[in-house]
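A.B. asks: Chain residues, written in single-letter form:
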Amino acid sequence: MLLVTMVIVSLLAFAAFDLISGSPAEIMLGTQATEERVAELEAELGLDRPFPVRYLSWLAGFFTGDLGTSYSYHQPVWELIAPKVGITLCLSLLSFLLIAAVSIPLGLWAARRSGGPLDAAGTVLNQLCMAVPPFFTGVLLSWVFSITLHVFVHGQFPDMGSDPGGALGYLFFAAVAIAIPRIAMTVRMLRSTIQAEMRRDYVRTAISRGNDRAGVLRRHVLRNALVPVVTFLAQTMAEIVAASIVVEQVFAIPGLGRLLVSSISNRDYPVVQAIVVILAFWVVLAGTAADLINQRIDPRLRLGGAS
Amino acid sequence: MRRKSMNGYLLAGLVLTGALTALILLGLVWTPYDPDAMLAGPKLQGPTLAHLLGTDSFGRDIFSRVLRGAGTTFLIALSTVAIGAVCGTAAGALTGYFGGVVDEALMRLNDALTAFPSILLALVVLSILGPGNKYNVVIALGIVFIPSFARVTRAAFASLRDVNYVKSARLMGASSGRILVRQILPNTVQVLLPALTIGFNNAVLAEASMSYLGIGVTPPDASLGYMLSEAQGMLTSAPWYALGTGGAIVLLIFGVGLMGEGLQRRGGEVA
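Heads up: the protein sequence lines correspond to chains A and B, in order.
Those letters in the first sequence? Residues 1 to 307, by our numbering.
Those letters in the second sequence? Residues 1 to 271, by our numbering.
If you're looking for bench data, these hints aren't it; they were derived computationally from the structure.
Hints are not guaranteed to be accurate.
Pairwise CB distance ranges, derived in the manner of DEER restraints [said to hold, decoys possible]:
| no. | chain 1 | residue 1 | chain 2 | residue 2 | range |
| --- | --- | --- | --- | --- | --- |
| 1 | B | L78 | A | L125 | 25 to 31 Å |
| 2 | B | L52 | A | P76 | 50 to 56 Å |
| 3 | B | L52 | A | V4 | 54 to 60 Å |
| 4 | A | R199 | B | L52 | 45 to 51 Å |
| 5 | B | S57 | A | P52 | 53 to 59 Å |
None of these values were measured; they are calculated from a predicted model.
Where a beta carbon is used, it is the ideal one built from N, C-alpha and C, also for glycine.
Please model the entire structure based on the sequences and the hints provided.
C.D. replies: In structure tokens, the structure reads:
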């Protein structure tokens, strides 16, 4: 299943850019290019081969590190991307941990106290948090912590190799900006899942037999409510990646997102193609990890989902 | 099941969204100052009665700019949702009701598309259509929102395919088209309305993000996203610019979000 999805994803990304009107060779050479020169460059780039051949050789390039040459930087795409992959993956993992660490306890707490004015206030606050776009939070955070408090210097991203602590500190603010609306969504989802589970017969039986509520919540409800929550958190990875594209721009973080945006403006398709596929693979991988975790939590899922 | 037609969230959301819509519609025909006029007031002035949100480093009135920008964002989000909802509902209705091979194939494609975060997908489509043009932004986002609407409607139509009132309509000789539109569609409203509010908010976010990145709506068209990136450069001298534009986005999404919450609670399903 994982392989099938990845093949479809890469095929879509490849075909989409293949459909673009106008040959990349013409874009590279400009409008004054002669026809012979264009044909020559097309042969050089391998653009004169049929579609399936080009797709397969491009896909093979993914595993050998040969992703073609950037149109605008004139250097191998992989060299361009390699130092940035780590930064973006770090940012998305950090955001993910933050979301999981904050929203799970908060969701449990919110599920236990439902009804009343406090609950309504919580819902409104929740909606408000969901309404704040990550790039606006990012602008506010850089205003408060960089310009006013000088906690970090905006635009000077510390080198990951020589100063990992400083780099993580810098990424932390970006992760907070990404996490806030997602935390709100996860809390909301967790709260309604747990409340639906609490209304089930087995919970009523357990409580009527004299088990304490907190224990039932921990031992039975949480375990049953976990499967949809893990699936939801895996889907969050897609949203994190989307938000990080924008937030990297806000904080001037030299990651894949920034390169993607500048490559789109430059119509540098080999770079765009490679980044799109890497980000999509990352999301698919998160989804597969969630499936595996769910199969451990709920043995029933092992029957159908084994592939 | 008890069904309330109105609740606090829905009411608050309707009021807030209604007020904002009225302001935005007003902004399309009239703004206190010309949004692009330099020196409409003193440069870099904080909020005053004459300039509700202050002025920027060119002396432009920020309130007028925010009104105009919100108008662009609002219209783009509306057209995007319209494209996504109409095409998505049609696709979801046909595949959900008839099923078969086409349904299977489209669902697999849909699954693969979820691996692409929506903004990423929109950026891909936009880079193919050509960035920096508002019509291309609408088309790109509209296409991107089709699958999510299709997924929601497909599930609703598939679940209602074999209920008794649909069966009896079929027995009475009603055509498939009539059953889809007259019998099933009205009963999916409970699912569709919240999906519309979520879609609208996603569209506002996506448009603002792309314009912030400089590949969505670009000048001379004003959009809240582009203005926020402009405001980021004036953060030290005119923080009210960023607060005004960002605040407008937050209020717009917040109002529609409350409406969605209210609609879901009215439907008896707190998802």
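A.B. asks: Run every hint past the structure and note whether it holds.
C.D. replies: Hints and how they fare:
| no. | hint | verdict |
| --- | --- | --- |
| 1 | B/L78 x A/L125: 25 to 31 Å | holds (27 Å) |
| 2 | B/L52 x A/P76: 50 to 56 Å | holds (53 Å) |
| 3 | B/L52 x A/V4: 54 to 60 Å | holds (56 Å) |
| 4 | A/R199 x B/L52: 45 to 51 Å | holds (49 Å) |
| 5 | B/S57 x A/P52: 53 to 59 Å | holds (55 Å) |
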